[in-house]
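Peer 1: Model the placement of chain B on the given structure of chain A, informed by the hints.
Protein sequence lines correspond, in order, to chains A and B.
Count the first sequence with my numbering and you get residues 7 to 287, in order.
Count the second sequence with my numbering and you get residues 7 to 287, in order.
In short, the hints are calculated from the structure, not lab data.
One or more hints might be untrue.
Pairs count within a copy or across copies, as identical chains cannot be separated in the list.
[Said to hold, decoys possible] Cross-link-like lysine-lysine pairs, in silico, DSS-like; alpha carbons within 27 Å at most:
hint	residue 1	residue 2
1	K216	K261
2	K287	K276
3	K226	K160
4	K249	K8
Residues per chain, in single letters:
There are 2 protein chains.
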Amino acid sequence: MKVFDKAIESRLDRRCTFVALGGGVIGDMCGFAAAAFLRGVNFIQIPTTVMAQVDSSVGGKTGINHRLGKNLIGAFYQPECVLIDTDTLNTLPERELASGLAEVIKYGLIRDAEFFEWQEKNMPALMARDPNALAYAIKRSCENKAEVVSLDEKESGLRATLNLGHTFGHAIETGFGYGQWLHGEAVAAGMVMAVDMSYRLGWIDDSIVKRTLDILQAAKLPITPPETMTVEMFKSVMAVDKKVADGLLRLILLKGPLGNCVFTGDYDRKALDETLHAFCK
Amino acid sequence: MKVFDKAIESRLDRRCTFVALGGGVIGDMCGFAAAAFLRGVNFIQIPTTVMAQVDSSVGGKTGINHRLGKNLIGAFYQPECVLIDTDTLNTLPERELASGLAEVIKYGLIRDAEFFEWQEKNMPALMARDPNALAYAIKRSCENKAEVVSLDEKESGLRATLNLGHTFGHAIETGFGYGQWLHGEAVAAGMVMAVDMSYRLGWIDDSIVKRTLDILQAAKLPITPPETMTVEMFKSVMAVDKKVADGLLRLILLKGPLGNCVFTGDYDRKALDETLHAFCK
Numbered sequence: 007m008k009v010f011d012k013a014i015e016s017r018l019d020r021r022c023t024f025v026a027l028g029g030g031v032i033g034d035m036c037g038f039a040a041a042a043f044l045r046g047v048n049f050i051q052i053p054t055t056v057m058a059q060v061d062s063s064v065g066g067k068t069g070i071n072h073r074l075g076k077n078l079i080g081a082f083y084q085p086e087c088v089l090i091d092t093d094t095l096n097t098l099p100e101r102e103l104a105s106g107l108a109e110v111i112k113y114g115l116i117r118d119a120e121f122f123e124w125q126e127k128n129m130p131a132l133m134a135r136d137p138n139a140l141a142y143a144i145k146r147s148c149e150n151k152a153e154v155v156s157l158d159e160k161e162s163g164l165r166a167t168l169n170l171g172h173t174f175g176h177a178i179e180t181g182f183g184y185g186q187w188l189h190g191e192a193v194a195a196g197m198v199m200a201v202d203m204s205y206r207l208g209w210i211d212d213s214i215v216k217r218t219l220d221i222l223q224a225a226k227l228p229i230t231p232p233e234t235m236t237v238e239m240f241k242s243v244m245a246v247d248k249k250v251a252d253g254l255l256r257l258i259l260l261k262g263p264l265g266n267c268v269f270t271g272d273y274d275r276k277a278l279d280e281t282l283h284a285f286c287k
Numbered sequence: 007m008k009v010f011d012k013a014i015e016s017r018l019d020r021r022c023t024f025v026a027l028g029g030g031v032i033g034d035m036c037g038f039a040a041a042a043f044l045r046g047v048n049f050i051q052i053p054t055t056v057m058a059q060v061d062s063s064v065g066g067k068t069g070i071n072h073r074l075g076k077n078l079i080g081a082f083y084q085p086e087c088v089l090i091d092t093d094t095l096n097t098l099p100e101r102e103l104a105s106g107l108a109e110v111i112k113y114g115l116i117r118d119a120e121f122f123e124w125q126e127k128n129m130p131a132l133m134a135r136d137p138n139a140l141a142y143a144i145k146r147s148c149e150n151k152a153e154v155v156s157l158d159e160k161e162s163g164l165r166a167t168l169n170l171g172h173t174f175g176h177a178i179e180t181g182f183g184y185g186q187w188l189h190g191e192a193v194a195a196g197m198v199m200a201v202d203m204s205y206r207l208g209w210i211d212d213s214i215v216k217r218t219l220d221i222l223q224a225a226k227l228p229i230t231p232p233e234t235m236t237v238e239m240f241k242s243v244m245a246v247d248k249k250v251a252d253g254l255l256r257l258i259l260l261k262g263p264l265g266n267c268v269f270t271g272d273y274d275r276k277a278l279d280e281t282l283h284a285f286c287k
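Chain A on its own, in the form it takes in the complex (with noise of 0.2 Å):
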C-alpha cells in the first residue's frame, strides 16, 4: 500500500516504470505492485543479493505475504528485462550470500548433475566471493530457471520443480517466524528434508542423501529445522500450501541418479510423516 499511496501521490501514470533494486522481497513487492498499479505498467528487476540473481528475479512470479502463508497473494508478471551487476555482491552479509548458494545447489539436484559436481569443486571459492566462480553460478543458475520457465510459465507442473525443498521451507517461515531465518536458510533445511523422503521411499540412493549435506555444510546452510518446529506446524502450514490440488499435497522430490526429480502427489504418505517426525522433536 505504500508503493500505491507514493505512486499516487506522485502522479505516475501508465507509462512510467517501476524499477526494483534489491533482493527478492523488494523485486516481488515492486512487481506484484506494477502488475496491479493502473492495471499494469513497466518494470525492471535490479537484483542485488543472490537470491534475487539467481532465482528471484528471473521468471516473473511476483507475490506478497499473508499472515496465513507465504507469496499466497500475486501475479504472474514479467519485467522487461533483469540487470545484473554482481558488484553489488561485494557488500553482501555471509548469510545472505549463503542463503543465495541454496538456490544454486538447487538447480543442481533437481535438473543438472554436471552444474551440482562443478559446484562440489568451488563452494570454497564461491563462499570466498571468486568474481569468476559467482559469475559462472549466477549464470548458469539463470540459465537453468529461464529454461524451466520457458517451457512452463504458469507453473502447471516442470515450473513447480524448482521449488525443491520450498514447501517444507516455508513452513518453516511460517511457523518460525518471517525473518528469522533467511528464504534460503529454510529452503535448505527443506531440502534436506525433501531428499531424507525421497530416500524414505527407495527413490534415490544414500550417496545423493551425503552429497546434500556436504554441500550444504559447505555452504554453511543449516540442514535440520529450527528446534521450535513441531510435526504439526509443518502439517498446518503446508496443507495451505499452492501446490495442494483437490486437498492432496503435491511435492518435489529427487527420484533416480543425480539431477533428476518429480513433482507429484502420488505418494506414500507414511514415508511424509517418517520424515517430519524424523526432523521434529
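Peer 2: Below, chain B alone, put in the same frame as chain A:
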C-alpha cells in the same frame, strides 16, 4: 483482504473458482481477488444489476479503489464466463436501473447510432422493465462492448472510448464521495460535460447535445454534477486519471455525426476550462 482471509482460512487451492454474484463492485473486487489469489484462480461473473450486465462484467477489467482515485489498483483478468439472468432485475431499485442505462446510452453515443435511435423510442419500455426491451438492450450493449474489447483488450486506444464521460464522472464520484452517487449517475453527468466540451470545440452540432440531454432525462439521470463540485475538485482528480500520459489528460469526445467519437489529448485546453466553469459555481 477479507476475500483473501476467507479463501485462505477455507484452504481453497488453485483449482477453486471464485463466483462474483452481484453488482459492479462485487464483480470488480472478486475479479481482482481471483487474479491475485495464489497468482490467479478461475472466476465466473454473475452480474445482477443493469450496470454490471451491460458493462462491468464484460471485458476482464477488474479494479479496486484507492482513497485518491477510483479503480487505480487492479488487473486485466478474464472470467471463464459471464452468466446474465435478467430476472435478477425485477427487484433492482429504480436508481440502480437508471444508473445502468447510462452505460447503455453511452454505447449509442460512441459507436452505435442505430441503437441510440432504438433507445430514444424504447426508453419508456426500458424504464417500465419490459423484459424484451431490457433483454435486447443488454444483449446489444454486450455485443458492442465485446467487439471493442476483442479489438483492444489492454486499452491502447479504442477501448478507452468506452469511457465516455467517465473521467468527469470519476472526478464526481471521488470529489462528491464514493457512494453518494451511483456510478451511472456520475457517468450521466460526465457524458453531458463531455458532449458540452465536444460542442464547444465545434466537433458536433447542437442536435446531439439536445438528444443527449433528452434521453438522459427520459432515463431520470442527472445532467449536471452535484452543486458541491468545484473546478479545482475536477482538476485535482482528473490529474491522476489512468488516461493521463506524459502529463497530458486524454479525453473521449464526440466528433462528427451521432455514433462517432475520438480518444485524444489533442484539444484546446480552453474548451475544457470553459466546460468546467459552465458546470461548476
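Peer 1: Indicate, hint by hint, whether the structure satisfies it.
Peer 2: Here is how each hint holds up against the structure:
no. : hint        : verdict
1   : K216 - K261 : within (15 Å within a copy, 75 Å between copies)
2   : K287 - K276 : within (17 Å within a copy, 76 Å between copies)
3   : K226 - K160 : neither (33 Å within a copy, 48 Å between copies)
4   : K249 - K8   : between (30 Å within a copy, 22 Å between copies)
Hint 3 alone, counting from the list given before, is not met by this structure.
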